[in-house]
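A.B. asks: Sequence:
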Amino acid sequence: MFNIITRRTLLHYATNYPNASNALFEWYHEFEKLEINSFNELKRFYNSASLVKDDRVVFNISGNKFRLVVRIVFEYKVVQIKWFGTHKERSNKCLYDKLQKITYGTHRDQNRSRIRSAIRMGG
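Going by this note's numbering, the letters in the sequence shown line up with residues 119 to 241, in that order.
It is possible that part of the hints are untrue.
Derived pair list, reagent style DSS-like, types lysine-lysine, alpha-carbon separation capped at 30 Å [said to hold, decoys possible]:
1) 171 <-> 161
2) 171 <-> 183
3) 206 <-> 161
Since the hints were made in silico from the structure, they are not lab data.
Given the structure is predicted, the values throughout are model-derived calculations rather than measurements.
Between the sequences and the hints, there should be enough to build the whole structure, so can you do that?
C.D. replies: Okay, structure coming up:
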């Protein structure tokens, strides 16, 4: 069984995305009961799951309308919820993360403003 250590975060997202609330809790209850030891085993249960950097896994939720990003440490059977939202919001978050890495440096406040502007303009 997995320990999902950020249940409060899940509750926050369920409140902010009521259309996805049931699907989120369904994922939660299914996942905490899984007996798996690797991403390959996970794919048998969630074939659309994608492994990304830093042990993070992206799940499609509610008929692929939303994405759930979690960090899984299979060795310790721990899951941390990192992010939840729509595909569009995920694209903007990816853009923000990419720009944040590129522009991280001495003029940080100016860079944040540029990043926000780029996100509002869609890239």
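A.B. asks: Please go over all the hints and tell whether each is borne out by the structure.
C.D. replies: Going through the hints against the structure:
| no. | hint | in the structure |
| --- | --- | --- |
| 1 | 171 <-> 161 | holds (17 Å) |
| 2 | 171 <-> 183 | holds (22 Å) |
| 3 | 206 <-> 161 | holds (24 Å) |
When the structure is compared with the earlier hints, no violation turns up for any of them.
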